[in-house]
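Engineer: The lines below spell out each chain.
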Amino acid sequence: LTGDFDAALAAGDVDAVVAGLQSLGEADRRRLAPRALAWFTELKRNTIAVITTGQWPYTSDSDTLLKAARAMVLGTATLAELRKLGAWAAPDEAIAYRVVADRRPEWLPEWAAMTLENQTTSWGTPFALVRRLIAEGLVPRPSTPWYPLSMIYGLQRRDRDVYEALKADPALLDDEVWRLFEVEGGGDTSLAAHDKYCGERQSWTWALLQLSRDGLLPHDRLLDASLEALRRDFGAFRAGWFSRFHEAMRPSPDERAARTDRYLTLLHSPIPATVSFAVKALRRAGPLPASAVEPLSAALRSSAGSVVREVLELLLPSSRSAQLAAGYLPHRSIEIQTALLGFIEKCPPDPAVRESLARAGSGLAPSLSVRVATILGAQPARMAATAHSPTASLAPREVSVSDPVESVPDLVELLAELLEKIDDPHDIERALDGVARFCKRAPETASRLGPIAKRAGKLLEGRVPSPFAGVSVRSDLAGLITAWATGAVAPVALKHRSLLAFLSGRVQEVAARAARNEPGVLLSLPTGRGGTLAADALEARRQQAREMGCRPDPLDEIQAELRTRQSSESTPSHRFVYGASGEAHVSFELRPDPRVAREPAPTDVPALFYAAVEGGGSPWARPFDYCAAMGERTRELSEAIRWVATVWPSNREPFYARGALELGGNIDWWQARWYTRSFLEPLLLPTEPVGEMATLLLSLGLAAREAGERGLATDVAIAAIADGRLDLERTGKIIGDLTNSRLLKGTRLASALADASRMSSQHVTSVCELIEVVLSALDGPPPSDLHALLSLLNELQASLDHGIRRPTARAYLVGIEGTGKAATLARHLLARS
Amino acid sequence: MASTAMELVYRYVTESRCAIDEGATRLSLQTSGGIAPNPRLFEGWITSGRPAAAALLLLGHVAMTRFYTPPAMVARILMAADPIVTADGENVRFEVFSPCNGVYARLDLGPSSLDGAFFAVGTTNVDFGPHLREVLAGVGSADRMFLGIGPDEVAVTTAGGRAIERRVSLPLRWVKGLAEVQLAQSRMVLHAQLDAGEATQFLQSLPADPGRDPVYVQAVAGGLRISRSPGGVKAGGLERLRRLRDLSFMADRLRLYGVATGDPATAWVLDLPGMRLHVVLSPERARGFSGEGAVLTPLASGDDSATPLAAGRLGYDLDRQAFFPRELPFARGGHESQQPRLRAARRLVADGAVRFLGNGEAVVTSSGVEHRVRWAKDGPHCTCPWFARHGAGRGACKHVLAAQIVRA
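In order, the protein sequence lines correspond to chains A and B.
Numbering of the first sequence is given in our numbering, commencing with residue 1 and proceeding in unit increments.
Numbering of the second sequence is given in our numbering, commencing with residue 1 and proceeding in unit increments.
Note that these hints are calculated values from the structure, not bench results.
Just to be clear, a hint being listed does not mean it is correct.
[Unchecked claim] No more than 20 angstroms apart at the CA atoms, straight line, and that leaves these computed lysine to aspartate or glutamate pairs for EDC-like: (1) B:K377 - A:E417; (2) A:K421 - B:D263; (3) B:K234 - A:D423; (4) A:K84 - B:D263; (5) B:K377 - A:E406; (6) A:K745 - B:D209; (7) B:K234 - B:D213; (8) A:K84 - A:D61; (9) B:K377 - A:D410; (10) B:K234 - A:D424; (11) A:K421 - B:E284; (12) A:K454 - A:D410; (13) A:K454 - B:E370; (14) B:K377 - A:D403; (15) A:K280 - A:D254; (16) A:K458 - B:E370; (17) A:K421 - B:E7.
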């Protein structure tokens with residue numbers, strides 16, 4: 001018996017396998033199962049292996065062999081064994097039918113359910129097979145949700161759309177079609193996903209509408225079923241199909257009126273689109289009963305202004321509706337707050353409304369305080385929504401640096417940590433300093449280095465590039481540890497010319513010292529955060545080096561000199577030219593002026609900084625990047641950028657220019673450059689000057705799309721305002737110019753500035769002034785989203801109780817004509833002035 | 001290798017039901033396990049129906065949601081565990097834990113919101129199916145709600161043979177996470193308190209995608225703001241709180257709790273009329289509570305108080321700043337065997353891999369390397385990559401645990 005099957009399986013003769021199985025009882029089949037399973041497992045393993053090895057040890061191809069093996073497995077295995085093998089063991093539908101129709105195991109219904117679940121995808125489903133088994137009475141209708149879900153993609157064929165398929169099998173219209181309204185699906189298996197990617201005539205929407213028109217599906221039941229589906233906990237994308245389908249059914253006003261209660265229930269849906277759908281449906285349903293007030297008010301929580309306005313139009317003014325509306329007043333949107341308050345003002349006065357208004361106090365917009373005070377009968381001053389402290393209570397910012405490491409155990413733990421993550425570039429300097437001082441290789445030290453030497457070796461074996469090549473800080477540190485532990489410095493395969501290569505060179509110097517077993521002194525260890533080095537500390541180290549008889553390393557000397565430089569000693573060799581151009585697609589450009597025309601020497605650090613900003617057209621520009629692997633490893637890039645920021649602390653303007661180039665070129669986040677925000681970090685230092693390039697970077701950051709970039713830029717603005725470092729004139733002018741060129745989005749900018757203004761009254765005043773400077777710098781027709789900035793200005797000035805102070809800003813506002821949001825707000829602002 | 005999941009069998013007399021009739025909602029929750037096969041714990045009115053319904057809906061959402069799906073995972077939703085309910089004769093507490101182990105939520109109904117009778121004290125599972133959520137979504141603001149926990153005579157009689165049995169494969173990390181989240185709360189302190197308007201403004205301002213790095217929540221005029229630079233309470237995955245927005249308009253107060261130092265798990269307590277909703281977020285969206293390892297050191301040192309916590313017999317009430325007893329309604333034994341790090345540490349000890357030096361340091365030989373464990377001012381340190389990556393933030397590494405076991 002086994003021999004016959006072995007021959008059939010080896011030949012891939014599926015017909016022989018199926019025919020051979022037909023005469024067997026369950027006991028015989030079970031005896032054959034171990035051999036069948038072993039053969040199938042072997043085939044599966046080799047089918048996967050051939051991809052990498054290219055070796056196929058059989059004469060027949062894998063498809064042929066697998067077909068026969070799968071039939072054999074299905075004909076002999078238990079349900080548990082089949083479940084374990086999963087979709088891999090599923091034969092073609094025709095073969096599967098022949099095998100199971102003949103075998104008829106008692107677990108056939110469970111197998112059908114399992115097959116539906118395992119094999120339902122947008123590429124193919126076993127629906128036809130299961131449908132055939134049902135039709136022939138071999139299995140009952142499966143209760144699994146995968147049965148109707150498998151129908152979504154399981155009906156249509158190249159020559160037959162869903163509509164025709166449903167007409168061809170009218171029994172489906174009695175049960176299966178209605179179950180589609182009860183199951184959600186997921187991934188690409190849902191009505192929403194199906195209809196999104198097919199032509200109209202192939203869609204389920206079209207098919208069901210057509211069947212309804214043909215009288216084959218009851219119109220009323222389809223309307224009800226779609227509303228029932230919306231009440232279920234489906235995800236927003238999949239729920240959307242049911243609301244669209246409901247509207248595509250074009251219910252009459254009477255049909256809508258009959259379903260008012262159902263629409264009202266949907267107002268509690270967590271899906272905003274469903275709430276919006278229900279509100280629109282209720283507007284078309286005609287007059288609503290008085291009892292609808294309560295459920296209607298639930299939609300007032302919507303963050304969409306249009307939905308709230310529609311609900312307010314449906315609500316009849318009354319004390320109860322005003323009370324309910326007042327409960328939703330602390331909305332984040334001022335537009336919605338204004339609409340709600342307008343409605344409340346139309347309603348009869350009521351103590352409960354006043355109580356709700358008072359409760360909402362802290363969440364109300366300052367511009368509404370007078371109107372709210374009128375309702376409450378209180379003084380407007382008492383309604384001031386923003387009770388700012390005069391100055392910011394910023395979290396204390398770190399200005400000092402950690403002490404040098406004091407022992408080998410501390411140093412080993414620090415190095416171990418740096419191999420995994422580098423949160424602070426100063427820790428790299430502490431590690432270099434520690435290795436320079438403690439690099440004597442005593443037996444105890446060698447034993448202690450064991451774990452980190454193993455870890456470093458593993459990192460260097462893997463994907464991390466070779467050390468000291470100017471590519472990866474962590475591979476440099478791994479090379480340093482290896483040199484200390486083994487006494488040998490890894491050769492540098494390819495040395496890139498870049499700022500990171502300069503830093504790599506510094507690590508290599510310390511590694512060479514460790515390999516030589518020659519302790520010394522690191523001159524350049526910073527004494528201040530941001531990389532600064534006190535001159536007296538440097539002198540003391542030089543003295544110590546002389547006493548030890550050791551000669552400082554050359555790159556360490558360069559670095560120490562740069563870190564002790566005062567800002568007055570740094571004369572910039574280049575300025576920067578920048579701006580945005582383009583109409584449909586606005587692009588940001590920045591370059592040094594004069595252009596960097598020649599290749600800087602690898603040790604000419606200031607020149608390397610300017611060269612890193614040099615852009616297109618310079619074939620050699622890329623190697624001068626901060627990191628030769630720019631754009632490849634986000635985390636390591638952030639670490640590299642943070643370390644590079646400490647190289648020339650007295651003049652970080654070219655560093656910020658490079659940051660502005662990165663951020664401005666990706667302001668709409670078309671590429672995930674997570675490292676870019678690292679350019680903003682030094683600006684949080686309270687002593688950091690905010691020059692032109694820093695201001696440019698900050699301005700771009702305030703309007704960045706990515707929440708992290710914009711949030712950090714906001715933090716910088718808050719800190720710079722509190723420290724008195726932000727030049728509002730310069731910032732406003734830059735923002736205005738970039739807004740004129742359509743690079744900056746007003747809504748994002750307004751959101752960041754609103755956030756900054758919450759810190760203190762000093763920030764409120766500064767942001768007001770800044771926006772006025774921006775308005776003064778604008779020319780031409782107002783940007784489409786100017787209303788966001790004007791709305792913020794309106795609220796801030798309302799809280800300060802003053803108007804526009806700058807004549808140039810007033811002149812710009814006067815020039816805004818029309819009835820749009822910006823024009824209305826401009827008139828408000830001018831009226832307050 | 002130890003099993004990574006346990007099979008949980010829910011056997012309900014019948015399915016839970018919810019109906020709205022003439023302004024009153026009747027919620028009959030069926031129970032399974034705990035002090036009896038189908039215990040009857042409470043029956044009575046909840047005075048504020050709408051907030052209770054909305055909060056229960058949120059719990060249902062948390063119980064079913066994977067807030068994080070690992071990129072390599074096939075998009076298959078795991079079967080979620082049913083909510084746990086505890087009645088202590090005074091309060092009724094509903095607890096859920098997300099399948100991704102990153103979000104824990106609890107609704108406490110206190111005496112001021114309950115008007116009814118307690119039939120027993122204990123903890124059980126309750127059936128909370130999708131049909132229930134449909135009806136709860138329609139509970140109006142003026143409605144009261146009648147709550148029954150456990151089968152009454154009518155249900156038992158009418159259910160006949162329609163008992164419901166459902167099997168859930170519950171990952172052990174889910175159970176471990178449920179214990180860890182209680183310990184995390186016990187280390188938290190109150191950082192900020194917002195009034196109704198401020199709470200609404202803050203919850204509505206939460207971005208759908210706040211970026212991938214942890215943020216800092218700072219108290220400012222008019223509420224809280226999200227900062228990207230150090231200062232305030234460090235928090236991760238705040239977008240998971242967005243579901244609270246619908247409840248914010250009903251809230252009286254929002255409180256933020258966080259740990260004083262260490263990794264940024266946060267707890268958010270929303271005070272609703274007569275009830276409180278606690279939501280605890282793990283430090284990052286992609287990081288569940290199960291690996292936090294806070295129970296490891298007490299378990300390794302034989303601390304008796306750690307055993308009931310690791311077994312899930314204690315919950316933590318942030319409002320009262322105290323643990324409360326609750327026996328999880330599913331069997332769980334061998335707490336140590338479910339902690340892989342502790343198992344590995346015990347193996348190291350058994351293999352004689354730990355020796356102490358004269359200076360008090362321990363040398364732990366593992367995978368051919370001698371790791372050094374030393375006791376610094378801020379606790380034990382190790383030279384292994386685990387400690388280098390996480391410090392003490394996710395519990396002790398196996399080398400530290402082994403040294404602690406030998407030292408004890």
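Engineer: Each hint: holds or not?
Structural biologist: The hints, checked one at a time:
no., hint, result
1, B:K377 - A:E417, "holds (18 angstroms)"
2, A:K421 - B:D263, "holds (16 angstroms)"
3, B:K234 - A:D423, "holds (15 angstroms)"
4, A:K84 - B:D263, "violated (40 angstroms)"
5, B:K377 - A:E406, "holds (15 angstroms)"
6, A:K745 - B:D209, "holds (18 angstroms)"
7, B:K234 - B:D213, "holds (10 angstroms)"
8, A:K84 - A:D61, "violated (25 angstroms)"
9, B:K377 - A:D410, "holds (13 angstroms)"
10, B:K234 - A:D424, "holds (17 angstroms)"
11, A:K421 - B:E284, "holds (17 angstroms)"
12, A:K454 - A:D410, "holds (18 angstroms)"
13, A:K454 - B:E370, "holds (11 angstroms)"
14, B:K377 - A:D403, "holds (16 angstroms)"
15, A:K280 - A:D254, "holds (15 angstroms)"
16, A:K458 - B:E370, "holds (16 angstroms)"
17, A:K421 - B:E7, "violated (39 angstroms)"
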